[in-house]
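Number of protein chains: 2
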Amino acid sequence: MQTTVRSASKEVTIAPDRPIVIIGERINPTGKKRLAASLAEGDMSRVRTLAEQQVANGAHILDVNVGAASVDEVALLPMAVKAVQEVTDVPLCIDSPNAAALKAALDVYEGKPLINSVNGEEASLKRVLPLVKEYGAAIIGLTMDDSGIPATAEERVAVATKIVERAEALGIPREDILIDCLVLAVSADQTAAKTTLEAIQGVRDQLGVNMTLGASNVSFGLPDRENVNAVFLAMAVATGVNAPIVNPTHACKTIMAADLLLGRDEFAMNYVTYCRRIARAQKG
Amino acid sequence: MQTTVRSASKEVTIAPDRPIVIIGERINPTGKKRLAASLAEGDMSRVRTLAEQQVANGAHILDVNVGAASVDEVALLPMAVKAVQEVTDVPLCIDSPNAAALKAALDVYEGKPLINSVNGEEASLKRVLPLVKEYGAAIIGLTMDDSGIPATAEERVAVATKIVERAEALGIPREDILIDCLVLAVSADQTAAKTTLEAIQGVRDQLGVNMTLGASNVSFGLPDRENVNAVFLAMAVATGVNAPIVNPTHACKTIMAADLLLGRDEFAMNYVTYCRRIARAQKG
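Top line first, the protein sequences correspond to chains A and B.
The numbers in the numbering used here rise by one with no breaks, and the one at position 257 of the first sequence is 257.
The numbers in the numbering used here rise by one with no breaks, and the one at position 137 of the second sequence is 421.
Wrong hints could be hidden among the right ones.
To be verified - Covered by chain B, according to a simulated footprint, are these stretches of chain A (three or more residues, beta-carbon under 8 Å): (1) 35-43; (2) 103-110; (3) 164-175; (4) 234-248; (5) 271-277.
Don't read these hints as lab results, they were simulated from the structure.
The beta carbon of each residue, even a glycine, is placed where N, CA and C say it ideally should be.
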C-alpha cells in the first residue's frame, strides 16, 4: 500500500518497503512560547526558520499547526502554509481540528497535502472527510472517538476500521489514509506504550494501511526523555509505523539506523552518508 | 516459561513478564588486548575488574570467556570462574566450545550456571547436552549447525526446535534452554537484522522459550555503532529477547527504557531510579 503526497515540485511516497518518512512536528505552538508569541502577531519568521531547520535535519514532510487559544486559525493557518511553501519544497501536513481553517489552508496549498486529522467521532468524520475528498488530500485518522482514546488495542483497531470504511464509502482510497494509534504518557500508565504497539500490530495485520504516530508524548514527565523516545520509536517502526511525527533533530539517527536494520538501506549508504554529514556538522 | 539460574547466594529468573536480564559480555578476550595479555599470564586481576565494573553498571549475569589461540582453557576457565565468584555474587554464564574446559569450570562453580553454548551440530549436541544434564545447568542454544548460520528465519527456528527436542529427550526441561537466534553484521548483509528479528518472532511463537542474543555484532564496520546497537536492541527485546548479552555500560539505558515501555516497570520506579543514579555518577 502506497500513500503519495506532493508539494508543487516534490513527491513523497510512504510504503512498508520504503525508507521511513519523517514528518517534522515542530511548527506547533504548544509549549513553544517564542513561536506562540510570533504567531499571535501574525509574524511568520519563526515558522519559516522552523521549516528550514527541520528540512535541514532530515524531515520529508512538515506538520503545520498554529492552534492556540487566542489565535484566529482561519486567518493564520493559510498564512503559515504559504510561509512554509516559500522557504521549503517538501509536502505539508495541515494540522487543525477546525474545518474552516483546514479549508482556507487547502485553498492556498500547492499539491496534494496530508490533513491532520480525522477521528472516529461522528462530528469529525462528517466535518473532515468531505474536505479530504473535495481536495484529493491524504488524511491521518486518529484511533479515538466520542468516548476518548480506547484503553485496549482491539478497540483502537475497531476505530481505525470505522475511519477506513467511512472514508472508502465517500470514495477516498484506502491508500490515502494513515492511521495514528496514539500513545499516552507511560509515566501515567505503564501499559500505555505496550497497548499502542499492540494496536499498531493489529492495524498492520487487519487493515494494511500505512501508519504515522505522534511519538514524543510517550516520555512526558520522565527523565532523559530523548532516550525513552528513541527506544519507543525503534519499537514502533519495527512494528509497522512508517511515517512518524517527530522532532527530526532527535529522531533522525534512530530512524536512519532503523531503516538499515529493517533492510531498507542498500549497502548502508544512507546511514553512512548521514553519519558523515553529522560528523562534518559537528566539526563546524 | 521461567529460566532460573543461581550463584551461591543469588537467584536470577528470566521470564517474558519480568524485567529484562542483562548478561554482561565483557569478560571475553576477543578484541581486548589488555585482557588477552593478562589471561596469557594467568593473571586474573583484569577479569575481576571487568566483573565488578559490569555489575556496577547493571549486569545481572556475567558471561565468562577466556578463549584465545594460545591459552589452556581447561586450566584458565575454572580460574576465571573462581576469580569472578570472589568479587561478585551474580550467577555466571560459562562460555566455551571446549567440553573439557566447561567441565572443569562447572566443577568449581557454586550454584546453577548458564552454559554458553550448544548448537545444532551433531558433535556439539553430543558433547555439551550431557554436561548440562549432569550439572543441572541451563543452556544457550545457538541457531546454527554443520552448514553454518542458516540464511532464513524458518531454518533458524528449525535448528532451535532440534536443540529443544534433543535436550528434552535427555531430560533437560525446556525452561532451562535459552535460544540465541544470532545476528550477523548488517554492513555485510542488509537483511541480516531483519532475518534475526523474524527468527526471534518464530521462536517465541513456536517454542515459547526465553531468548538471549549476542547483539553487538550487528553494527560491525559501521559508524556510530552504539546507536545501531541501541536501536537493534530495542527492536529485539520488543520482539521477544529477554536476556541479551551486551556491554551493560552502553545497553543499560536502552534496556531500562524498554522495560518501562513494555509494561514491566511499575510506576516507572526502576527507570527513574536508574536515571538518578547515572546523574549522580556523572556529577562525580
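Evaluation of the provided hints:
1. Here the segment 35-43 of chain A counts 0 residues with a CB under 8 Å from a CB of chain B, which misses the bar of 3, and the coverage is violated.
2. Here's how the segment 103-110 of chain A fares: 0 of its residues keep a CB closer than 8 Å to some CB of chain B, so the rule of at least three is not met and the hint is violated.
3. With 0 residues having a Cβ less than 8 Å from any Cβ of chain B, the segment 164-175 of chain A misses the three-residue criterion, and the hint is violated.
4. Judged by the Cβ-Cβ criterion of 8 Å, the segment 234-248 of chain A is covered by chain B as claimed, because 4 of its residues qualify and three suffice.
5. With 4 residues bearing a CB less than 8 Å from a CB of chain B, the segment 271-277 of chain A meets the requirement of three and the coverage assertion stands.
Checked against the numbered hints listed earlier, the structure breaks hints 1, 2 and 3; every other hint is satisfied.
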